[in-house]
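Undergrad: Produce the complete structure using the sequences and hints provided.
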Amino acid sequence: MKQRDKSKNITASILPSKGKPANSIADYGNDPFFVKKAAQAKKRIERVGFPKEFTS
Numbered sequence: 001m002k003q004r005d006k007s008k009n010i011t012a013s014i015l016p017s018k019g020k021p022a023n024s025i026a027d028y029g030n031d032p033f034f035v036k037k038a039a040q041a042k043k044r045i046e047r048v049g050f051p052k053e054f055t056s
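Quick note: the sequence shown uses full-length UniProt numbering, first residue 1, plus one each step.
Simulated from the structure, these hints should not be mistaken for laboratory data.
Think of the CB as a built atom: it goes at the ideal place given N, C-alpha and C, for glycine as much as any other residue.
Please note: incorrect hints may appear among the correct ones.
[Said to hold, decoys possible] Between beta-carbon pairs, the in silico distance windows are:
hint, residue 1, residue 2, range
1, Y28, E53, 21 to 29 Å
2, G29, P51, 17 to 25 Å
3, S24, R47, 32 to 40 Å
TA: Next up, the structure:
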């Protein structure tokens with residue numbers, strides 16, 4: 001049975017992507033899914049109120 005060399009087993013998720021700085025963060029603020037979820041959450045908070053557990 002042949003053993004794999006684990007020193008060469010580097011996942012792409014820890015390596016910086018080409019063309020982007022390593023510390024960049026994706027912006028999903030205008031993504032339709034999140035816009036819809038935010039609108040639903042806003043309507044619910046306006047209707048039901050903000051949970052008392054989250055206020056100090």
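Undergrad: Could you see if the CB distance from G29 to P51 stays within 17 to 25 Å?
TA: Cβ of G29 to Cβ of P51: about 24 Å, so the range 17 to 25 Å holds.
Undergrad: If you check the beta carbons of Y28 and E53, does the distance land in 21 to 29 Å?
TA: This hint holds: roughly 26 Å between Cβ atoms.
Undergrad: Looking only at beta-carbon atoms, does the pair S24, R47 fall within the given range of 32 to 40 Å?
TA: Hint holds: Cβ distance 37 Å, inside 32 to 40 Å.
The earlier numbered hints are all upheld by this structure, with none contradicted.
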